[in-house]
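Could you put together the complete structure from these sequences and hints?
Listed below, chain by chain, are the residues.
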Amino acid sequence: MSSTEQGTSSAAPAEPTTAPESAAAPEVPESFYYVHGKDKVVHKVSAGALQHSALIHGMISNLGYTEEQAKANPFPFENIDGDILQMVVDWCNQHKGKPTPPEDTNLPKQKEKLFDLVLAVNYLEIKELLTYCCKQVAMMVKGKSPEEIREIWMIPTDAEDEAAEKEAKKRAGKEAAGETAAAAGDAK
Amino acid sequence: MPIALLKFPYDLLGEVLKLCDPFELYFLSKCSKRAQKTIKLGGKMNWKIRYWGREQIIICRDDVKYYIFDPTDKPEDYFKMGSAKGDKSMKIPKEEAVDMFFYLLDTFGICVVNSLEVQSGNLYNFLQITKVLAERNMEIEKFYIGETFDPKYVINFMPLIDQMNITKELHCRNSFPPNFDYQFDKYPNSIRISDSPWFGINQLLNCPCTRIELSKSELSNQELNLFFQEWKKAGTFPNLRYLQVSSKNIDNQSAIWDMVPPITRRENPRIRFSAWLGEDDYIFMRDAVKVYKDDGTEAWLDVDLGGVPSLEFLVWDPERDMFEGEDMDPSDDEEEFEDEEFEDEESDEEESDDEEPDEDN
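The listed protein sequences correspond, in order, to chains A and B. If you read the first sequence in full-length UniProt numbering, its first letter stands for residue 1, the second for the next number, and so on. If you read the second sequence in full-length UniProt numbering, its first letter stands for residue 1, the second for the next number, and so on.
Keep in mind that the hints were calculated from the coordinates and are not lab data. Wrong hints could be hidden among the right ones.
[To be verified] Below, computed lysine-lysine pairings styled on BS3-like, alpha-carbon distance capped at 25 Å:
#  : chain 1 : residue 1 : chain 2 : residue 2
1  : B       : 131       : B       : 94
2  : B       : 88        : A       : 144
3  : B       : 88        : B       : 44
4  : B       : 30        : A       : 142
5  : B       : 91        : A       : 144
6  : B       : 40        : A       : 142
7  : B       : 37        : A       : 170
8  : A       : 71        : A       : 38
9  : B       : 65        : A       : 142
10 : A       : 170       : B       : 7
11 : B       : 7         : A       : 166
12 : B       : 44        : B       : 142
13 : B       : 44        : A       : 127
14 : B       : 7         : A       : 135
15 : A       : 135       : B       : 88
16 : B       : 33        : B       : 94
17 : B       : 37        : A       : 135
18 : B       : 186       : B       : 232
19 : B       : 80        : B       : 30
20 : B       : 65        : B       : 91
21 : A       : 169       : B       : 37
22 : B       : 168       : B       : 186
23 : B       : 48        : B       : 65
24 : B       : 232       : B       : 293
25 : B       : 186       : B       : 131
26 : B       : 168       : B       : 142
27 : B       : 30        : A       : 135
[As the list claims (entries may be wrong)] Some, not all, of what chain B presents toward chain A, calculated at C-beta under 10 Å:
#  : residue
28 : 4
29 : 7
30 : 15
31 : 18
Quick caveat, the model's predicted, so the values are computed rather than measured. For glycine and all other residues, C-beta sits at the position ideal for the given N, C-alpha and C.
Below is the structure:
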C-alpha cells in the first residue's frame with residue numbers, strides 16, 4: 001500500500017512543551033486518522049478536518065485509536081476514486097475548525113469531476129460541500145434552453161428512454177432464461 | 001462538461017432541483033417524460049400558483065419571488081424571458097394557458113392555488129380551471145371576481161363557489177343582476193362583496209367568517225341591531241373580527257345598540273387604532289365607541305352617515321391591535337400622533353366626563 005501524508009501536522013502527536021506552572025492546562029495533541037479510496041493511496045487527516053464528514057465523524061467518535069492503531073487501520077472508501085477523495089480531503093483540511101463562507105474560493109473547481117464529487121460528498125455526508133456542489137450543478141443550466149439543458153444534464157430523449165427500457169427488459173429476460181436453464185442443468 | 005443528472009440518487013437530485021427556478025424546471029420537464037416525472041420525485045417544492053383573468057399564471061416561491069408565465073399572441077415572443085422589480089417572466093402561447101396551468105400544477109406537485117382571479121379575459125378558460133379545481137378539491141386560498149365580470153354570467157358561476165375549497169378569501173367586486181339571490185353553503189375565512197343587496201340579515205346571522213365586508217348592502221338599522229343583539233350573547237360569532245357594511249338603509253331614525261347613528265366618539269382625546277387582520281392586511285379605525293359582549297369581550301363600533309352611510313365593527317384583540325394616541329385639532333389639517341398610552345386615554349374617557357368638550361355648542 002502506498003502512502004501519502006496530506007495532513008498539515010506531523011503524524012505523531014506533538015510532544016508537549018514545558019509550560020510555566022501558571023499557564024493553562026497543556027493542549028491535547030491533535031489526533032489523526034487515515035483514509036483511502038479506490039486507488040489505495042492513504043491520506044492522513046486530522047480529526048478536526050474529518051469533523052466536516054458526518055459519516056467519518058460518527059465512525060471515529062469514541063474510537064480511541066492510538067496513532068499506531070489509526071495508521072494500521074485506514075478507513076477504506078472503495079467506492080470513491082482516489083483523486084476525488086484527494087479533493088475532499090484537501091477541502092476538509094482547508095476548512096478545519098471553521099465554517100464555509102458563503103462565497104468559498106477554496107472549493108473544488110474541476111467541473112468534469114463534479115458528478116463523482118457530488119456522489120462522494122453525499123456519501124461522506126459533508127453538508128456544506130454538498131450544498132456547494134449542488135449549487136454548481138444547478139448553476140450549469142441558468143439561462144439555458146431546454147435543448148441546452150438536455151445536453152448539459154445528459155437527459156435522454158423519450159425515444160432513448162424507451163429503447164433503453166426495452167433493452168433492459170430484454171436483458172432481464174435473457175438472464176432469467178439463463179438462470180432457469182442453469183437450474184434445470186443442476187437438477188439433472 | 002455535461003453531468004448525468006438523472007443518475008443522481010433522488011435525495012441528491014431533490015437538492016439540485018430545489019436550487020432551480022420554475023422556468024428552469026419547466027424547461028427540464030420538457031426534455032423528456034422521465035425528466036418531468038423526476039421533478040416531482042425530487043421532493044416537494046411548496047410552491048403556490050396563481051391564475052389571473054387574462055390567462056397570466058404566476059408561481060410564488062417560498063422566497064416570495066414571482067415567476068410569471070405571461071401569455072402572448074406573438075409566436076416570435078414565445079418563451080422569451082424578462083424581469084422587472086425582482087420578478088421574472090416568460091412569454092407563453094396564449095392558447096395554451098389553461099393546459100400550461102394544469103401542466104405546472106402536476107409537474108411541480110403544487111397543492112395550493114394562492115389565488116384565482118377573473119376580470120374579463122377568456123371566461124370559458126376560467127370556468128374550465130374552476131371546475132377542475134373543484135373536482136380535485138384543491139385548496140384555493142383567495143378567489144376574486146373582478147368588477148368587469150359580466151353580471152349575466154354570475155347566475156351560472158356562483159354555484160361553483162360552493163363546490164370550490166376556498167379557504168381564505170372570497171372577494172366579489174362585480175355587480176350582480178337585479179333580483180339576484182344566492183345563499184352560501186360554506187364560507188372562507190373572509191368575504192368581501194361589493195354589490196351585496198342579496199346578502200341579507202339571515203346570511204349575516206349564519207356567517208362564520210372572520211372578516212365580512214358588504215358594500216351596496218340593503219341592511220337597515222333594525223337588521224344590524226338584531227345582528228348585534230345576537231353577537232352580544234356569549235359564544236356567538238366566535239370567529240368574527242371585523243364587519244363593515246355600507247348601506248343606504250342605515251339612517252338616524254332608529255337605534256343600533258341603543259345608540260342612534262351617527263355612532264362615533266366625540267370627546268377628546270380623539271382615538272385611533274390599527275388592527276392586524278392577517279398577512280399584510282391592516283385596518284384603521286378612529287373615534288369608534290367601545291361596546292361589550294355579555295362575556296366581557298371588547299369591541300368597537302363606528303357608524304357614519306356622511307356620503308354612503310357605513311358601519312364598522314371590530315372585535316378587539318389585545319395581542320394584534322394597537323392604539324395610537326392622537327391629539328387632533330379640528331382646525332389643523334395635519335394629524336399629529338403622540339406616544340401616549342391608550343390606557344391613560346381610556347381612563348380619561350371613563351372617569352373625566354367633565355373634560356369632554358361640547359362640540360355641538
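Here is what the structure says about each hint:
The hinted pair formed by residue 131 of chain B and residue 94 of chain B meets the criterion: a straight-line CA distance of about 20 Å does not exceed 25 Å. Proposed proximity of residue 88 of chain B and residue 144 of chain A is supported: the alpha carbons are some 15 Å apart, at most 25 Å. Distance restraint check for residue 88 of chain B and residue 44 of chain B: the Cα-Cα separation of roughly 22 Å lies within the 25 Å cut-off, and the hinted pair is therefore satisfied. About 16 Å separates the Cα atoms of residue 30 of chain B and residue 142 of chain A, which keeps this hinted pair within 25 Å; it holds.
For the hint pairing residue 91 of chain B with residue 144 of chain A, the CA-to-CA distance comes to about 15 Å; that is within 25 Å, so the pair holds. About 20 Å separates the Cα atoms of residue 40 of chain B and residue 142 of chain A, which keeps this hinted pair within 25 Å; it holds. For the suggested pair residue 37 of chain B and residue 170 of chain A, the alpha carbons sit about 24 Å apart, so the restraint of at most 25 Å is met. Proposed proximity of residue 71 of chain A and residue 38 of chain A is supported: the alpha carbons are some 18 Å apart, at most 25 Å.
This hinted pair checks out: residue 65 of chain B and residue 142 of chain A have alpha carbons roughly 16 Å apart, not beyond 25 Å. With a C-alpha separation of about 21 Å, the suggested pairing of residue 170 of chain A with residue 7 of chain B holds against the 25 Å cut-off. Simply put, residue 7 of chain B and residue 166 of chain A have alpha-carbon atoms about 18 Å apart, close enough for the 25 Å limit, and the pair holds. For the given pair, residue 44 of chain B sits about 22 Å from residue 142 of chain B by alpha-carbon distance, which is consistent with the 25 Å threshold.
With a C-alpha separation of about 20 Å, the suggested pairing of residue 44 of chain B with residue 127 of chain A holds against the 25 Å cut-off. Only pairs whose Cα atoms come within 25 Å are accepted, and residue 7 of chain B paired with residue 135 of chain A is accepted, the gap being roughly 17 Å. Proposed proximity of residue 135 of chain A and residue 88 of chain B is supported: the alpha carbons are some 20 Å apart, at most 25 Å. Only pairs whose Cα atoms come within 25 Å are accepted, and residue 33 of chain B paired with residue 94 of chain B is accepted, the gap being roughly 23 Å.
With a C-alpha separation of about 22 Å, the suggested pairing of residue 37 of chain B with residue 135 of chain A holds against the 25 Å cut-off. Annotation: proposed proximity of residue 186 of chain B to residue 232 of chain B holds, straight-line Cα distance about 23 Å (limit 25 Å). Restraint check for residue 80 of chain B and residue 30 of chain B: satisfied, since their Cα atoms lie roughly 16 Å apart, inside the 25 Å limit. At roughly 17 Å between alpha-carbon atoms, residue 65 of chain B and residue 91 of chain B fall within 25 Å of each other, so this suggested pair holds.
Annotation: proposed proximity of residue 169 of chain A to residue 37 of chain B holds, straight-line Cα distance about 21 Å (limit 25 Å). Taking the CA atoms of residue 168 of chain B and residue 186 of chain B, the gap is near 12 Å; set against the 25 Å cutoff, the hint holds. Annotation: proposed proximity of residue 48 of chain B to residue 65 of chain B holds, straight-line Cα distance about 11 Å (limit 25 Å). Restraint check for residue 232 of chain B and residue 293 of chain B: the C-alpha separation of about 4 Å stays at or below 25 Å, so the hint holds.
About 17 Å separates the Cα atoms of residue 186 of chain B and residue 131 of chain B, which keeps this hinted pair within 25 Å; it holds. Between the alpha carbons of residue 168 of chain B and residue 142 of chain B the distance comes to roughly 6 Å, so the proposed pair stays at or under 25 Å and holds. A threshold of 25 Å between alpha carbons decides the hint, and for residue 30 of chain B with residue 135 of chain A the separation of about 22 Å falls inside it, so the pair holds. Because the closest C-beta pair between residue 4 of chain B and chain A is about 4 Å apart, less than 10 Å, the hint holds.
Proximity of residue 7 of chain B to chain A holds as hinted, the smallest CB-CB distance being about 8 Å (cut-off 10 Å). A cut of 10 Å between beta carbons decides the hint on residue 15 of chain B: the least distance to chain A is about 4 Å, and the hint holds. This hint holds: residue 18 of chain B has a C-beta 8 Å from the nearest C-beta of chain A, less than the 10 Å allowed.
Hint violations for this structure: none, all hints satisfied.
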